[in-house]
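Sequence lines, in order, name chains G and X.
The numbering used here puts the first residue of the first sequence at 1, with every later residue one more than the last.
The numbering used here puts the first residue of the second sequence at 1, with every later residue one more than the last.
No lab work stands behind these hints: they were computed from the structure.
Take the hints with a grain of salt, since some may be wrong.
Because identical chains cannot be distinguished in the list, a pair is counted as satisfied if it fits within a single copy or across any two copies.
To be verified - For lysine to any residue, the following SDA-like pairs were computed, each having C-alpha atoms within a straight-line distance of at most 20 Å:
#1 Lys49 <-> Glu61
#2 Lys324 <-> Arg30
#3 Lys197 <-> His7
#4 Lys49 <-> Glu65
#5 Lys49 <-> Glu205
#6 Lys197 <-> Thr8
#7 Lys86 <-> His296
#8 Lys86 <-> Ala39
#9 Lys197 <-> Val226
#10 Lys49 <-> Ala398
#11 Lys324 <-> Ala393
#12 Lys86 <-> Ala194
Here the structure is a predicted model, which means the values were calculated and not measured.
There are 2 protein chains.
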Amino acid sequence: MSETLSHTVDDLYSARVRRAGPPRLGDPRRSASLISFLAGFPDPSSLPKADVIEATRVALERDGEWALQYGASQGYQRLRDELLIKLRRDQGIEASDENLLITNGASQGLDLLVQALCDPGDVVLSEEPTWSGAVACFRGAGAEVVTIPLDAEGTDVEALASELASIVASGRQPKFFYTIPNFQNPTGVTTTLARRKRIVDLAHEYGFVVIEDDAYSDLRYRGRRVPTIYSLDDQGLVVYLSTFSKIMAAGVRLGWVVASPELIGTLSSLKAEGGTSPFAGAVAAEFCASGTLVEHIAELTALYASRHDAMLDAMTANMPDGVKWTDPDGGFFVWVHLPDALSAQALAARTREQGVEFLPGTACHFDGGDQTLRLSYSFADEAQIREGIALLANAIRAEMS
Amino acid sequence: MSETLSHTVDDLYSARVRRAGPPRLGDPRRSASLISFLAGFPDPSSLPKADVIEATRVALERDGEWALQYGASQGYQRLRDELLIKLRRDQGIEASDENLLITNGASQGLDLLVQALCDPGDVVLSEEPTWSGAVACFRGAGAEVVTIPLDAEGTDVEALASELASIVASGRQPKFFYTIPNFQNPTGVTTTLARRKRIVDLAHEYGFVVIEDDAYSDLRYRGRRVPTIYSLDDQGLVVYLSTFSKIMAAGVRLGWVVASPELIGTLSSLKAEGGTSPFAGAVAAEFCASGTLVEHIAELTALYASRHDAMLDAMTANMPDGVKWTDPDGGFFVWVHLPDALSAQALAARTREQGVEFLPGTACHFDGGDQTLRLSYSFADEAQIREGIALLANAIRAEMS
């Protein structure tokens with residue numbers, strides 16, 4: 001070993017790297033020159049610049065010595081206080097401080113949970129299609145993912161029960177079931193109360209964790225709130241995730257986990273960077289405490305309801321026969337099934353040249369899904385939505401012929 | 001499986017959880033009622049509240065639509081631009097945008113590197129004693145850690161060479177060597193240029209990554225800057241980590257990784273939460289661009305130099321014979337060896353009752369170290385330093401007799 005050899009870092013990588021996909025999200029600035037239905041990016045003009053400036057001033061004048069310091073591993077205390085109020089008011093969740101962990105977005109909450117629960121080769125369950133970030137996360141962990149379909153009432157709980165029975169019959173322990181019960185990403189469907197109760201019953205029967213990802217529930221345009229899965233569980237097996245990304249500002253990178261105190265302690269111990277930004281936490285706490293969050297959610301709900309209507313109207317007016325889509329009660333997404341034999345990836349390449357982008361459904365599947373695609377109506381304005389859907393419909397028509 | 005059993009999450013945990021220690025850092029507020037030499041917490045009164053309020057206003061008025069949006073996985077662009085200027089000016093590092101990744105503090109940078117390079121059972125090398133967060137990180141990864149001692153000239157490179165030879169002779173590939181070359185945490189020593197060159201030569205010979213953690217280098221009180229290990233390497237095997245935690249505000253949770261473009265791409269793909277806070281990034285970029293960072297570093301260097309002098313003077317005036325300590329040229333830490341048979345953990349329990357806290361050296365060791373302790377002079381003011389050191393010296397005297 002006395003000679004100097006040429007070495008590269010590639011030779012040193014862990015198994016984790018070999019399972020990793022590309023970085024999670026593109027840069028939203030790149031989408032700004034297109035009509036973009038690609039991502040769950042909030043509307044740029046809705047982002048509350050002036051309110052965040054003011055919240056920063058008040059928060060730092062009040063508590064700058066601690067907001068600019070390292071912070072507690074559970075997150076900035078005043079934000080935890082405000083989130084407990086919000087969870088009770090907006091989600092009907094009765095939680096205590098020991099149930100709460102502030103994270104870098106809900107995405108970090110999910111990543112920590114997967115780190116805590118999943119060794120490579122473990123069996124987990126997930127809705128399919130689902131959020132593309134979850135697909136990447138479960139793949140990265142080396143999990144064996146058993147997929148559960150959805151229908152108009154949400155998670156197919158009979159399929160879930162059947163898969164659980166066969167997993168356990170084969171002598172394996174399912175670790176968790178990942179679900180997005182409100183305005184699911186990407187399908188837009190909401191899981192009914194009866195099905196939510198069944199999910200909890202199954203968790204109690206089979207002893208797995210339910211990960212309830214609820215990033216969109218405050219943005220409901222119609223219908224009534226359905227109780228959270230978390231609030232239906234009395235055995236500490238449901239974990240609730242949410243975020244400020246859609247209701248205040250994705251750029252503050254703040255989410256939260258609600259879970260049993262024991263699990264919160266475990267997740268905190270896996271948080272290598274320590275407590276999530278006290279600076280961002282103090283600003284968000286002031287944004288809540290001042291009443292701005294409640295007002296802002298009302299404004300956003302009206303904004304996105306109009307966007308939703310513009311997209312659904314444009315779909316109805318433009319789409320050729322054979323294209324099917326969902327109509328969500330809230331959130332950001334319409335899910336589209338293309339007619340037989342059409343490829344969403346091929347369609348995406350074509351429309352992108354014409355200045356329109358969307359998410360091919362393959363990103364939301366662990367396998368397959370190329371006949372599906374997701375349209376987000378959060379980022380493009382109404383005129384762009386009308387123009388973009390017309391263009392997309394023409395491109396589909398061209399592919400069909 | 002038709003009966004409902006009592007299940008707990010404990011039954012579901014991964015191997016990773018079994019290797020995890022407690023959460024990384026305590027809450028600094030808890031230290032405020034004590035004379036605290038415990039942690040590398042910046043001085044609370046030095047935290048630039050008014051400057052951060054102003055930087056936030058300017059940054060959001062300039063670019064709020066994007067600072068409050070999701071961001072690029074490498075981090076907020078303007079912050080990357082400013083950091084390249086800072087790295088050239090303050091560290092002599094010539095880097096390009098493709099060499100840079102913004103992280104949630106240097107601690108996340110280290111965690112991502114360990115995820116990228118280390119499978120359970122892999123051999124890694126680390127200075128010992130070292131930063132307690134690194135001890136926890138390497139343990140959590142399940143690494144087999146080969147420890148390298150330090151002396152007054154820094155890393156013992158002959159010990160490093162010898163350990164590398166025997167690792168490779170046993171047919172194993174060392175993955176990385178972790179070093180803190182400036183004002184090392186916890187010993188305060190600085191590794192000489194000759195030794196830095198030797199570390200790079202060894203990396204080239206044996207093909208491992210050097211992780212250069214440089215959180216403190218801007219806070220030098222005397223002597224001249226030594227070139228970074230990063231700047232001595234031409235084969236892309238050295239990774240440089242730093243942070244705003246000590247020079248702007250720990251609460252913004254912003255650090256950076258400088259590495260080869262390939263490795264930056266890999267680390268970005270492991271960043272589950274996507275790009276680090278564009279909000280915090282925009283504020284920090286403005287803090288740099290306005291010239292405030294340079295002024296603030298000058299103020300902090302003067303502040304901590306006085307604290308350093310106060311502590312060293314108090315040590316000389318008060319400590320009984322048999323106690324030995326280091327005298328750093330910068331940074332936050334004095335490293336203390338207790339006389340034979342004294343336990344720093346026992347001493348810590350005694351002094352804490354009297355209102356003084358410090359870090360027992362066991363936290364900085366992978367094994368042993370109870371005859372050592374770390375004193376930080378960053379958090380306590382000069383009067384507290386004088387009072388605390390006198391009290392600590394008395395406690396040591398009491399334990400000795």
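Output the numbers, in ascending order, of every earlier hint that fails for this structure.
2, 5, 8, 10, 12
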